[in-house]
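> Construct all of the structure, not just a fragment, from the sequences and the given hints.
Residue numbers (numbering that gives the first Met the number 0), protein chains in the order written: chain A, 0 to 546; chain B, 0 to 546.
These are calculated hints, taken from the structure and not from any lab test. Hints may be right or wrong, so weigh each one.
Intra- or inter-copy, both count: the list cannot distinguish identical chains.
What the hints assert, rightly or not - Here are the computed lysine-lysine pairs in the DSBU-like style, where the Cα-Cα straight-line distance is at most 35 Å:
| id | residue 1 | residue 2 |
| --- | --- | --- |
| 1 | K173 | K216 |
| 2 | K514 | K441 |
| 3 | K546 | K173 |
| 4 | K510 | K441 |
| 5 | K216 | K2 |
| 6 | K511 | K233 |
There are 2 protein chains.
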Amino acid sequence: MPKPTTLPAWQALQDHYRELAQVPLRSLFADDPDRFSLFNLHQDDLLFDFSKNRITSRTVDLFAQLADECTLSEDIEAMFSGARINATEGRAVLHTALRNESDRPVVVDGADVMPDVRRVLDQMEDFSQKVRSGEWVGHTGEPITDVVNIGIGGSDLGPLMVVQALDHYADGPKAHFVSNVDPTQLSQTLRGLSPETTLFIIASKTFTTQETLANAKAARQWILDAFDSFEAVKNHFVALSTNRTQVVEFGIDPENMFAFWDWVGGRYSLWSAIGLSIALSIGMENFRALLGGAYAMDKHFRNAPFHQNLPVLMALLGVWYTNFFGAASYAVLPYDQYLARFPAFLQQLDMESNGKRVRLDGRQVGYETGPVVWGEPGTNGQHAFYQLLHQGTRLVPCDFLVPVQSLNPIGDQHEILVANALAQAEALMMGRNEAEALAELKGEGLSETETERLVPHKTFPGNRPSNSILYKRLTPAVLGQLIALYEHKVFVQGRIWQVNSFDQWGVELGKKLAKVILPELENDQPISSHDSSTTGLIQAVRQISEK
Amino acid sequence: MPKPTTLPAWQALQDHYRELAQVPLRSLFADDPDRFSLFNLHQDDLLFDFSKNRITSRTVDLFAQLADECTLSEDIEAMFSGARINATEGRAVLHTALRNESDRPVVVDGADVMPDVRRVLDQMEDFSQKVRSGEWVGHTGEPITDVVNIGIGGSDLGPLMVVQALDHYADGPKAHFVSNVDPTQLSQTLRGLSPETTLFIIASKTFTTQETLANAKAARQWILDAFDSFEAVKNHFVALSTNRTQVVEFGIDPENMFAFWDWVGGRYSLWSAIGLSIALSIGMENFRALLGGAYAMDKHFRNAPFHQNLPVLMALLGVWYTNFFGAASYAVLPYDQYLARFPAFLQQLDMESNGKRVRLDGRQVGYETGPVVWGEPGTNGQHAFYQLLHQGTRLVPCDFLVPVQSLNPIGDQHEILVANALAQAEALMMGRNEAEALAELKGEGLSETETERLVPHKTFPGNRPSNSILYKRLTPAVLGQLIALYEHKVFVQGRIWQVNSFDQWGVELGKKLAKVILPELENDQPISSHDSSTTGLIQAVRQISEK
Chain A
0 MPKPTTLPAW QALQDHYREL AQVPLRSLFA DDPDRFSLFN LHQDDLLFDF SKNRITSRTV
60 DLFAQLADEC TLSEDIEAMF SGARINATEG RAVLHTALRN ESDRPVVVDG ADVMPDVRRV
120 LDQMEDFSQK VRSGEWVGHT GEPITDVVNI GIGGSDLGPL MVVQALDHYA DGPKAHFVSN
180 VDPTQLSQTL RGLSPETTLF IIASKTFTTQ ETLANAKAAR QWILDAFDSF EAVKNHFVAL
240 STNRTQVVEF GIDPENMFAF WDWVGGRYSL WSAIGLSIAL SIGMENFRAL LGGAYAMDKH
300 FRNAPFHQNL PVLMALLGVW YTNFFGAASY AVLPYDQYLA RFPAFLQQLD MESNGKRVRL
360 DGRQVGYETG PVVWGEPGTN GQHAFYQLLH QGTRLVPCDF LVPVQSLNPI GDQHEILVAN
420 ALAQAEALMM GRNEAEALAE LKGEGLSETE TERLVPHKTF PGNRPSNSIL YKRLTPAVLG
480 QLIALYEHKV FVQGRIWQVN SFDQWGVELG KKLAKVILPE LENDQPISSH DSSTTGLIQA
540 VRQISEK
Chain B
0 MPKPTTLPAW QALQDHYREL AQVPLRSLFA DDPDRFSLFN LHQDDLLFDF SKNRITSRTV
60 DLFAQLADEC TLSEDIEAMF SGARINATEG RAVLHTALRN ESDRPVVVDG ADVMPDVRRV
120 LDQMEDFSQK VRSGEWVGHT GEPITDVVNI GIGGSDLGPL MVVQALDHYA DGPKAHFVSN
180 VDPTQLSQTL RGLSPETTLF IIASKTFTTQ ETLANAKAAR QWILDAFDSF EAVKNHFVAL
240 STNRTQVVEF GIDPENMFAF WDWVGGRYSL WSAIGLSIAL SIGMENFRAL LGGAYAMDKH
300 FRNAPFHQNL PVLMALLGVW YTNFFGAASY AVLPYDQYLA RFPAFLQQLD MESNGKRVRL
360 DGRQVGYETG PVVWGEPGTN GQHAFYQLLH QGTRLVPCDF LVPVQSLNPI GDQHEILVAN
420 ALAQAEALMM GRNEAEALAE LKGEGLSETE TERLVPHKTF PGNRPSNSIL YKRLTPAVLG
480 QLIALYEHKV FVQGRIWQVN SFDQWGVELG KKLAKVILPE LENDQPISSH DSSTTGLIQA
540 VRQISEK
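Structure follows, in structure tokens:
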């Protein structure tokens with residue numbers, strides 16, 4: 000595969016960029032009153048407006064051409080059909096099979112994985128009904144009121160984000176999430192809970208994740224302290240894992256082990272048994288609606304021509320800003336308090352997938368890859384970091400996520416929220432030139448000197464791009480569509496950049512070094528040969544501990 | 000003032016950068032076994048290790064020279080002594096007066112502000128004691144169990160972050176925070192509360208902030224629905240504001256209005272009456288310890304030579320990476336679950352202060368200013384976005400915040416946490432070269448082809464800089480030191496970049512446009528002349544609302 004930067008479409012985009020770089024969005028809108036109709040798409044429950052991007056029809060044509068030259072159609076088919084596209088780990092990538100509602104078999108190593116997928120879904124349904132109905136009881140016969148999911152990374156961020164996002168639909172036990180090895184998180188979580196009515200979900204594919212096992216053992220101790228019976232572990236723990244031996248040794252009934260497969264990556268696992276806390280919170284019917292939303296986006300992604308393909312367009316817009324405009328990050332701005340943790344979820348999805356500097360063939364990329372993702376809900380962010388978005392020196396493309404209706408209407412608060420979302424996207428794009436700033440200041444009765452002095456500070460350069468995604472209200476199906484949209488966007492970018500979006504070798508080295516350092520933190524252990532900083536810090540930890 | 004880029008020290012740094020750009024940190028450590036002692040500082044309760052930065056002693060000399068050439072000493076004195084350094088708004092910048100424990104007067108317009116500062120602190124002490132002791136009661140005579148702070152931006156992020164961070168010391172009513180105009184946040188917060196035992200703090204300097212007033216009115220309605228007596232408002236609402244007329248009109252007893260001053264910027268206001276929710280949660284003694292910590296850092300910042308000045312060094316390291324190495328963001332990585340919202344707090348502090356493109360004199364900067372700030376607690380981040388930090392194409396300098404001891408020890412979990420923090424900083428700096436990756440793989444019994452294929456993916460470039468800040472444990476005083484450290488760092492960077500770090504004109508335009516759009520969201524209102532995207536989105540909102 001030739002480097003993407005050498006492809007004809009990339010070269011054409013380079014030329015095209017030089018033409019467009021000096022054209023303000025303002026004038027693109029002024030020149031074409033139909034620009035919005037040209038660059039917005041309805042897909043299932045989403046309205047995707049990408050007209051406030053620094054593009055023309057020619058840009059979109061070149062996006063599609065680049066996707067073609069990168070053999071994207073074949074890559075999409077390869078993913079959906081179970082090819083081992085996670086080449087460095089020799090695995091298929093089949094989170095789409097987890098939400099495949101069709102009769103289509105998905106074959107890995109000659110076997111259809113769908114019966115297994117359906118079996119685990121049924122197991123989740125059966126179990127969640129038992130817990131939610133009160134049929135499942137704790138050691139003392141009490142029904143479960145609280146569920147604590149212990150997992151980290153993909154075993155935490157996905158279910159946590161979804162449970163928070165769909166809190167409106169929650170009618171089961173309250174879900175809590177413990178991920179950090181920092182004992183503060185577990186302590187704070189357990190403080191309000193009763194052992195009699197608490198169920199722990201231990202989510203670790205290998206059942207060896209250091210943080211998760213440490214927290215799981217501490218939670219088990221909390222249960223044993225309460226009941227003084229190892230049998231109680233069976234009533235208060237279930238596992239999401241593939242390591243039966245370790246699960247049984249921990250004290251969990253293997254009946255209550257929920258399996259998944261090596262073709263489910265951690266950051267794509269909320270659709271699998273890792274989503275059990277979701278099913279317990281909102282019920283299996285809502286969980287299936289979430290899967291259904293993702294499946295709708297899967298079909299769209301697989302079938303829509305690139306010009307009308309939401310994930311493909313979003314991906315190429317990201318490439319456009321990353322590799323041509325030099326943007327180093329993008330902001331996700333949900334005007335939806337329920338999506339407060341969506342940016343944190345996307346940080347893993349995007350940065351762990353495409354934060355790579357080596358191509359699939361092992362060569363250095365030689366161009367920028369995955370950006371930093373960040374964001375907070377609007378309108379909060381407006382009072383925090385939007386200053387930089389509007390008047391800073393950096394280009395930060397933004398995604399605005401906007402529900403048209405509130406699930407908790409109070410007065411006109413939701414309308415104020417929506418008005419702010421639309422206004423921010425407008426302000427970023429339009430800016431305010433000197434003449435406008437001057438006109439604005441004229442009404443304020445300042446001296447001429449004062450006015451002149453303030454004008455540059457009240458000027459906004461504008462020309463800052465954004466996508467707006469509207470939906471009626473946040474339902475399980477809408478959330479499924481949104482998540483799958485970003486999943487596929489990240490996939491497409493990975494293919495353009497020719498990195499393996501499905502491995503994460505970058506997490507290994509730190510883990511390994513931590514194992515060396517851990518014993519050295521104790522005063523009587525020899526310190527191995529580190530750099531003087533690491534050695535100095537270890538010694539400081541020892542000294543401060545002593546004090 | 001000449002542009003910073005034209006100063007001799009900047010020019011010298013440019014030459015120096017060209018020399019250093021090719022020198023790996025690894026070899027700097029190898030060449031000097033004393034590097035750690037050279038580049039770490041103890042200050043009050045903090046150990047600041049900056050040896051894992053791409054610097055030599057010459058770099059630090061040039062940092063100090065640049066600070067001198069930027070007349071930083073005079074600027075520091077100007078801030079502390081109440082000069083109107085917020086020039087575009089004609090205001091002094093005196094958050095340091097709020098924690099001035101000395102007898103030194105701080106004079107603004109010929110009057111010492113300290114008596115006023117002390118008076119409000121005493122008022123806070125008196126009030127918080129009353130509420131905490133149960134002397135203050137709600138409309139039905141019940142003591143207060145829950146406090147809801149309604150504010151946004153600086154009236155939210157600071158107190159929220161501190162209350163979460165100091166949860167270990169919380170022994171007063173439980174503090175909640177509502178900021179977003181999205182009615183979901185208020186609804187979710189009130190769901191678990193009783194009107195009889197809930198006290199609302201309305202935090203808005205002007206008492207006109209749209210989001211805050213909308214939420215305050217909805218909260219008042221909740222109280223009125225419960226008691227059907229306007230008098231109840233007096234028992235359940237207090238105000239942090241300067242607008243007495245509006246406060247009284249709202250129904251709040253002016254006795255329960257806590258004042259602050261125009262020389263307290265929103266993002267520097269947690270030290271003022273805006274911190275009332277903190278005092279209610281942890282008590283005034285702890286609140287004063289927080290102020291004391293900040294005061295200790297203030298003295299250090301004001302008096303220490305630049306070579307040993309933590310905020311100055313941190314600031315110039317940031318300038319070094321921003322303007323010479325081209326870093327676009329930095330990550331704050333607290334290995335301390337209590338500091339989960341510290342990065343969100345810093346987003347406002349830093350990005351609202353220095354996300355500017357116009358110098359104090361009104362000219363365009365012509366160089367990069369404030370970076371994007373982001374981060375999540377370790378070890379969570381390790382399983383999310385660290386992949387990009389280690390193996391991505393972007394340079395992201397990191398700050399590691401590391402408490403040596405846990406406030407909630409469980410087994411060796413805290414030691415695992417600390418080991419991970421130190422190991423990540425080591426891994427980022429050292430990396431793993433091809434020979435090391437090869438040696439690593441040799442033990443795994445792979446074929447030669449397989450090994451060769453994997454080596455590039457298992458290689459880490461290293462040479463990625465970080466600061467490590469160690470403290471024994473998170474106390475109010477330590478937190479005060481940490482916050483003030485970042486405050487002053489941001490101040491120094493603003494002076495180097497010659498922007499006004501204390502205004503925020505960039506938040507105005509969006510607010511103004513939102514007021515235009517709000518009525519247009521209703522179906523029978525005419526839509527004014529927007530771009531076709533904004534018009535299209537308004538029409539879409541109307542149509543979707545109808546469905």
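> Each hint should be assessed against the structure and marked as holding or not.
Hints, one by one, checked against the model:
In this assembly of identical chains, the alpha carbons of K173 and K216 lie at most 35 Å apart whether taken from the same copy (21 Å) or from different copies (30 Å). Taking identical chains as interchangeable, the C-alpha atoms of K514 and K441 lie at most 35 Å apart only when they sit on different chains, with a minimum of 20 Å there against 65 Å within one chain. Proximity of K546 and K173 under a CA criterion of 35 Å is satisfied inter-copy only: 33 Å between copies versus 41 Å inside one chain copy. Taking the closest pair of Cα atoms, K510 and K441 come within 35 Å of each other only across two copies (19 Å); inside a single copy the shortest separation is 61 Å, beyond that limit.
For the homomeric pair K216 and K2, neither the shortest alpha-carbon distance inside one copy (48 Å) nor that between copies (59 Å) is at most 35 Å. Taking the shortest Cα distances, K511 and K233 sit within 35 Å of each other inside one copy (33 Å), while across copies they are farther apart (59 Å).
Violated hint: 5 only; the structure is consistent with all others.
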